[in-house]
Amino acid sequence: MIASIPIGDDDLHAYVDRRLLPGRMAEVEAYLGSHPDQAERLGSYAGQGAILAAALRTKLEEPIPCRLRVAVILARQRQRRAGQAARAAAVLLVAFTSGAAGWLGHAWTGDRSGFQAAAQSAFAAYQTFSVEVRHPVEVRAEDGAHLQQWLSNRLQRPLTPPNLASLGYQLIGGRVLPAASGPAVATPAAQLMYDTGNGGRLTVYAQPLGVDAEEFHYVKQGDVRTVVWAERRMVIAVTGRVPQATLVEAARLVSNGLERRQAIP
Amino acid sequence: MPQVWRVTPAWRRVDQAGWPATRHPSAVAPTISDIAALLEPQIPALRRYAFALARDHAAADDLVQDCLERAVNRWYLRGPDAQLRAWLFTILHNLFISAQRTRRRRALHDALDQVPNAAASTAPTQECSLASRDMLERFGALSVDHQEVLLLVGVEGMAYASVARVLGIPVGTVMSRLSRAREQFRRLLEGERPVLRRVK
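Chains as they are written, first to last, in the numbering used here: chain A, 1 to 265; chain B, 1 to 200.
In case anyone wonders, no lab produced these hints; they're calculated from the structure. For every residue, glycine included, the Cβ atom is placed at its ideal position computed from N, Cα and C. Errors might be hidden in some of the hints.
[Stated by the list, open to error] For the chain A half of the interface with chain B, some residues (derived, Cβ under 10 Å), not all of them:
(1) His-13
(2) Val-139
(3) Glu-142
Between the sequences and the hints, there should be enough to build the whole structure, so can you do that?
Written as structure tokens, this is what we have:
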């Protein structure tokens, strides 16, 4: 007689859920025939799903509220994004007209040459990958912890993907890129990609750098704009086919995001 | 030497319409009705799941709405159609867990919503029988881990591998969690059977 594989708790649950192969099913049935106490226990397990489903039946059959219709959700997102763009523009206007020194005060001044290479790499990477529909990133945002750890390890800097959700951009993921030639080329660069859900893409490019120089540099190539600055021993470039106000707001969020990351070790 | 440059590698070939495979217009822009046709059939089950966990009509629909918003934003990340349901439940699970962690976030709901929330969404409660409400309250005494596994396996009829994907845990953990959850729920149901009788 062939020794049979002992019945396990997993077999019993799979029996309840009818997920056993026919052969194993027969073995479990034979076992239950000689163990009425187990059979009774399983009987009550089998009823649990039905009891719960019955208690929730009204919910399942209820007409769905119109705010959950896909068309309504898409329309509301468009509306909200339009509102955000307007608000960002207003904030920018206030910042300019009030003459607030702030973080904008030191923008557009100083030596631009050191940032050209980084801006160019960020632009090239944006042009290359932002058009990708199926493979825009190497590691997806779903693996958030892995993405963060991987990029931080490769760049040898703590790098937390900044949250740009308030601008309507969701993180899709990121990839490692060769660094632009420059004073610090030992470590690669990273590109984080964000998406509006309807094709609008924005990238955050980060490349390790030995020094900090916090001037902001602004580059426009065709209809693609890039803001570059250096912070936390990295050159950061935010690139997108977006209005200047949106780009500046994104740069502010990225900079604040890096700031916060530093506060919580 | 010049001939080498004339060879078109397989990955550069284009389809009949002249588009590289990844840039085909249909891949770039799915229409609203394409998305709705796949997404909307899943909504009743998502609402049921969210309601069983949140046990509040408005909060449950807020969760489902967030879930759907995230889904349409990341539509191109959804994977094969066969896994759509598990993908949606994964998003819903993650949202529920993070909402639990930061409880106050629910208050920040957008004021653009035209649907009057409180009155409209609590109305169906009256149709919910006392026995159902009593059952759900008792179910709520279980830990969230146990609630989720019982709902996904017992109510949604999801395969163990899909449940593992939704909850982000190994299949072995799903099995042991299911075992503990069923036993706990059995005790809860048996321990309070007299109450159930009285309600009926």
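Structure-based check of each hint:
{"no.": "1", "hint": "His-13", "in the structure": "holds, 6 Å"}
{"no.": "2", "hint": "Val-139", "in the structure": "violated, 12 Å"}
{"no.": "3", "hint": "Glu-142", "in the structure": "holds, 7 Å"}
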